[in-house]
Amino acid sequence: MEKKHRVNKTSSDELFPPLISAKELSTILGQDNIKVFDVRGIWGTNPKPLFDEYKVEHIPTASFLDWRKEFIETDIVPSLAQISSFTEAKQSFIDLGINKRDTVILYDNYNHMFAGRIWWAMRYWGFDNVRVLNGGFKNWKIKNLPVSQEIPNTLKGTFEPIAQEHLRRSLEDFIVDKEYSCVLDGRGINGYNGKPEDPRTGHIPGAISASYDSFIDKNTGLFIRPEEIKTLLNKTVPNWQTEKIICSCGAGYSGTVAMLALAQIGVESSLFDGSFNVWKQDPDRPIVQSF
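The opening position of the sequence shown corresponds to residue 1 in UniProt numbering, with each subsequent residue numbered one higher.
It is worth saying that the hints were derived from the structure and are not from the lab.
Be a bit skeptical, because a hint or two may be false.
[Stated by the list, open to error] In silico DSS-like cross-links for lysine-lysine, where the CA-CA straight-line distance does not exceed 30 Å:
(1) Lys178 - Lys143
(2) Lys138 - Lys55
(3) Lys218 - Lys143
Given these sequences and hints, build the entire structure.
Structure (structure tokens):
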């Protein structure tokens, strides 16, 4: 059976605004329904949350959110871990004190990758009122906005998760859907290209490079403006307005930066959960290198 293409949403009014500025956040801090979470962490050979940095200073009223424990499988290495189960997600909402009428603000210091992953995960579990701080903690500090060492108390949350399957592609989904979709690879260009000495590096056939850093202003750490995002996509992804879009990356983190950029211009996409690291587990699956 032939699968029909789906035209992406292109009205920013249809999606809850994905980003919030430091200035706007500073004006709503302390309101009862505003929940701020510090999602700082690092990737690389030893991926980990940065709770010690949180204890030194953080945005006032912010609680710490450990991206290795919330909304993700915890018994698998982060590079292969998938979205958490319903039971685990419900417990995360309880532990984080999130309720239906809350607005959640997330920030990190890693090009929005960890905040982006949690933004996507919360939306997957049906919580739409979630935004990412544009520019992260770095931009907050550049603006000379206040910081704190106080760790807030958290009451139990009551939000009841409901999976939004259209926002996620499992490996099985992806194998079918990639033939009828535009696949964007959010890794840096070196990861996309691969290494000549390692044939299991590179990218999924047909995937287009949409490096996370192409959406970020290198000087400010802010996302580029919506019109610049559209210009970039028009140059590199000719069919972005007519094909459904699946974002991929190495493990399911930098791809969410591309998702945030797309959401800025009103385009909803899905994430290939686990991304290239899951794809390459089967040695018979093809991989493309480009140098």
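Hints versus structure:
1. Lys178 - Lys143: The hint is violated at about 42 Å.
2. Lys138 - Lys55: holds (16 Å)
3. Lys218 - Lys143: Given pair Lys218, Lys143 holds - Cα atoms ~16 Å apart, limit 30 Å.
Checked against the numbered hints given earlier, this structure breaks only hint 1.
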